[in-house]
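Spelled out, the chains give:
There are 2 protein chains.
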Amino acid sequence: MYKVKIIDVESGELLIIMNDKDANEMGINRHDRVRISTNKKFLAAIVQISKTMLKEGEIGVYKNVAHELGLKDGDMVQVAATEKPKSIEFIKKKMDGHELTKDEIRAIVKDITEHNLSDIEMSAYVSAMYMREMNMRETADLTMAMVESGEIIEFDRKPVFDFHSVGGCPGNKVTLIIVPIVAAAGLMIPKTSSRAISSACGTADIFEGIANVILSGADIKRISEQIGGVIAWGGGVNIAPADDIIIRAEYPLRIDPYAQLIASVMAKKKAVSAEYLLLDIPMGPNTKVPTEELARKYARDFIDLGQKLGIKVECAITYGGQPVGRAVGPALEAREAFVALEGGEAPNSVLEKSCALAGILLEMGGVAQIGQGKQMARDILKSGKALAKMRQIVEAQGGNPNISSKDIKVGEYTHEIVSTVEGYVDNINNKDLVRIARALGAPKDWGAGLVLNKKKGRLVAKGEVLFTLYSNNKKKLEDAVLLAHKLQPITLEGMVIEHIPSYHAMPITTTTTNVVKRL
Amino acid sequence: MYKVKIIDVESGELLIIMNDKDANEMGINRHDRVRISTNKKFLAAIVQISKTMLKEGEIGVYKNVAHELGLKDGDMVQVAATEKPKSIEFIKKKMDGHELTKDEIRAIVKDITEHNLSDIEMSAYVSAMYMREMNMRETADLTMAMVESGEIIEFDRKPVFDFHSVGGCPGNKVTLIIVPIVAAAGLMIPKTSSRAISSACGTADIFEGIANVILSGADIKRISEQIGGVIAWGGGVNIAPADDIIIRAEYPLRIDPYAQLIASVMAKKKAVSAEYLLLDIPMGPNTKVPTEELARKYARDFIDLGQKLGIKVECAITYGGQPVGRAVGPALEAREAFVALEGGEAPNSVLEKSCALAGILLEMGGVAQIGQGKQMARDILKSGKALAKMRQIVEAQGGNPNISSKDIKVGEYTHEIVSTVEGYVDNINNKDLVRIARALGAPKDWGAGLVLNKKKGRLVAKGEVLFTLYSNNKKKLEDAVLLAHKLQPITLEGMVIEHIPSYHAMPITTTTTNVVKRL
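Chains A and B are the protein sequences, given in the same order.
First residue of the first sequence: 16, per the working numbering; consecutive thereafter.
First residue of the second sequence: 16, per the working numbering; consecutive thereafter.
The shape of chain A in the complex, shown without the other chains (with noise of 0.2 Å):
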């Protein structure tokens, strides 16, 4: 028996610490995984090492475990060596490059949704799913096994509609504009949408601001089937919650299997049971998708999958080169958002994108006439019944029901980038963009971003503002003048990207308070 010490760290792997002694005792290494039972529970634990930190017969629970097994400091719990979890053998055949059976796919995802594999597991399997893929069949297993992994909202009032954007393209808060359109049309459409991960925010993020998006499935079901539509947190309610830990496994890696990210996307949509989907693929330079031929490719396999999911799915291929509208940040997007919703002065791109996708949404649910659909948006917006319907949402999700972008709070410091030669604005680097808006402290930060005053093709003069950052907390915004000067998201036609003097190789920056350098 082991006297338990709680560990107060985060961490996604269950782990324990055991002292060096009583370890080399039972012959356990570090990333051995041991049982650990009380009389009523037990789980299978990682292990760490600690010399001094613990005395002998005493372990180290941290709080995850604590929490699994109901144990506080002081209690007793038996402890013995045990076998990997038979999942890791099938991530060895996928590292192999076999195919899996759908047994073998529903044994990780539910070793992944139990949170049985450590750390070093989940990137052997993101490494796998990365080198290896998976073909349509797995795919498709992968999916279900996913939906089946967590809570599955179903409907009485149908069909369900859905709406999901691939991603990568900042700016992009059409689906703020095209849920109240389409719900204001007749349809339902539930939607459940991410926080960033490495983006400047996700549509859960924007919406966090103006009204509560952490909503149960009965709220989900509840909300849609009175109004129409809703924009809840998925990661609030328990749809496909094996996903959130694959995105998080992910994340220090830095990639994005392809049959990986096609499977998470549809396990949220059949886990919300969407019958009709339409998907937007933001392609172009510094997205998720660079190529038409890729983005044609994510288009077949969606509606593939969708086919074998029964869910009817369209793509539509956008333009993700630069961000949509000028907005780039939580605040910022929805400001823009209510103010295309209240028929004021809108950046022309997120008017159309937000039409012309909610539009073949109109389309696919029979209200609008094939060829009629956009028109049909554009005047449900003009109308002021979008806004209408949106105000309907925020007040079910427990915001203010007269909210208008008036109300909106941006960031309290300000700072304008502006141009030190004239000529066109011939690139904007949308991963540069999302760097400046995450140092300004988006999405954390609800008020910090940035709103672009030139977007591509756009003559600037000398002088003139190229874009204007947003944060709350001053320091994070003077860092972030510094980013943007380093960085120069923003290109114009014939100018100097960056002049290294002769007698020192440093990289120009236009202040001399301050030298940013690299470590």
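Treat the hints loosely; a few may be bogus.
No distinction is drawn between identical chains; accordingly, a pair holds when it is met within one copy or between any pair of copies.
Claimed, not checked - Below, a list of computed lysine to any residue pairs in the SDA-like style, where the Cα atoms sit at most 20 Å apart: (1) K87 <-> M16; (2) K66 <-> M16; (3) K490 <-> R269; (4) K312 <-> D111; (5) K87 <-> Q384.
Because the hints were derived from the structure by calculation, they are not lab data.
Since this is a predicted model, take the numbers as computed values, not measurements.
Model the placement of chain B on the given structure of chain A, informed by the hints.
Coordinates of chain B only, in the frame set by chain A:
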């Protein structure tokens, strides 16, 4: 500035823990990297998050980070977000299936050696090496990068001979016989050996009970030049240190990427300036090399790689389908080797293999005519010169110069596993024997292990001993007895392997005192 709190947990990664509010404020997530700096030094560490273990403004510093930076509790450090090491891009490039340049490979090895990669990134590296492999040019660059990552031992006495077994076959104590034979014949063989990772024992584990195996590079040089031979632990001297780190990363995944295995072996040899190398490739079921085809591929590639590195390599494919000799476990193997050196009744397989391999080295060194090496080795062994040389080596490494097989203490507690039927031994499962030896306490318990009484093809009477278990721990002996009954590592022709009664599908155990259950 953050106040340091030392975290005494062993970690291969450079880890720190941040309070969640501090991390949020800096926009840092779990698994991100931060730069920790004092006035004098800095390094990049991986972030873990805690809510209550640390106050705001405190930072938990794992002891390896503290050691690198010379930190103690209460010291103040600066913390800033920082980029990932460049080499992660090159790992990604390999994941994408591309050939790596020499500089890219050196960057990866440098970051591995300096502990700049997280466990997750190391897992991705190992996975990429496993799935994408490397061509011979990359493998040679990898080998040299590993050599240059550590100390290189150079000798004034030339030429330098070396021997290595690829491993995977239990009971392979031949190094302890080959080294003294070769040295007694006047050749110099500075042998560095490994410890067990998942096997029952490495040569370093065996020899550790007899002499000191942790020698400096200077010791290895001095003893080898004076006596002609040394048996040191490779991990005790800083040769190719990247290798140990990579092996530790392979351990949790239990994968052994081909190019990495070849490069690791050759890097350790190049680092001791080997000019002539004999490689033992044990082949057979439940070894690392199950087929002759694969054994030949290994041989070809080792010879090729040797040519690129300036090492003359010869390979011997040996039979590894059952243990070499009868003993498995450190002390038991040491005893069997000393019995052979003393001219006592050693198993034929031990004598045959040792003399055949030593003979090849004698021929490579030109001290024996081609075709005469094995006989010369036998003569040296028979003459007692090998024993005398071994005792010189033991003495030079601080052991008892008069040691004999009778002085070697094996496990105090023993148990004989007897056959319940009569028949010929049909199969001996290497992996099962290793599991049992480890359950008995090997390699940490020097006296633990097992001795086979019957090998393949021999007739066994009902009630006759199949093998004997040894341990210094009574509880471990009991557990291992249960495991042995469950695994049945030795099977006889015509024997019922498992009988599943219709009323209950449970593995048979021959004892009723305890039931072995799997989690």
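Taking the hints in turn, this is what the structure says about them:
In this assembly of identical chains, the alpha carbons of K87 and M16 lie at most 20 Å apart only when taken from the same copy (15 Å versus 33 Å across copies). For the identical chains of this complex, K66 and M16 are intra-copy neighbours only, at 19 Å inside a copy versus 28 Å across copies, given an alpha-carbon limit of 20 Å. In this assembly of identical chains, K490 and R269 lie within 20 Å of each other by CA distance neither inside one copy nor across copies; the values are 28 Å within and 47 Å between. With identical chains, the CA atoms of K312 and D111 are at most 20 Å apart between copies only, with a shortest distance of 18 Å across copies and 25 Å within one.
When the C-alpha separation of K87 and Q384 is checked against a cutoff of 20 Å, the pair qualifies neither within a copy, at 63 Å, nor between copies, at 73 Å.
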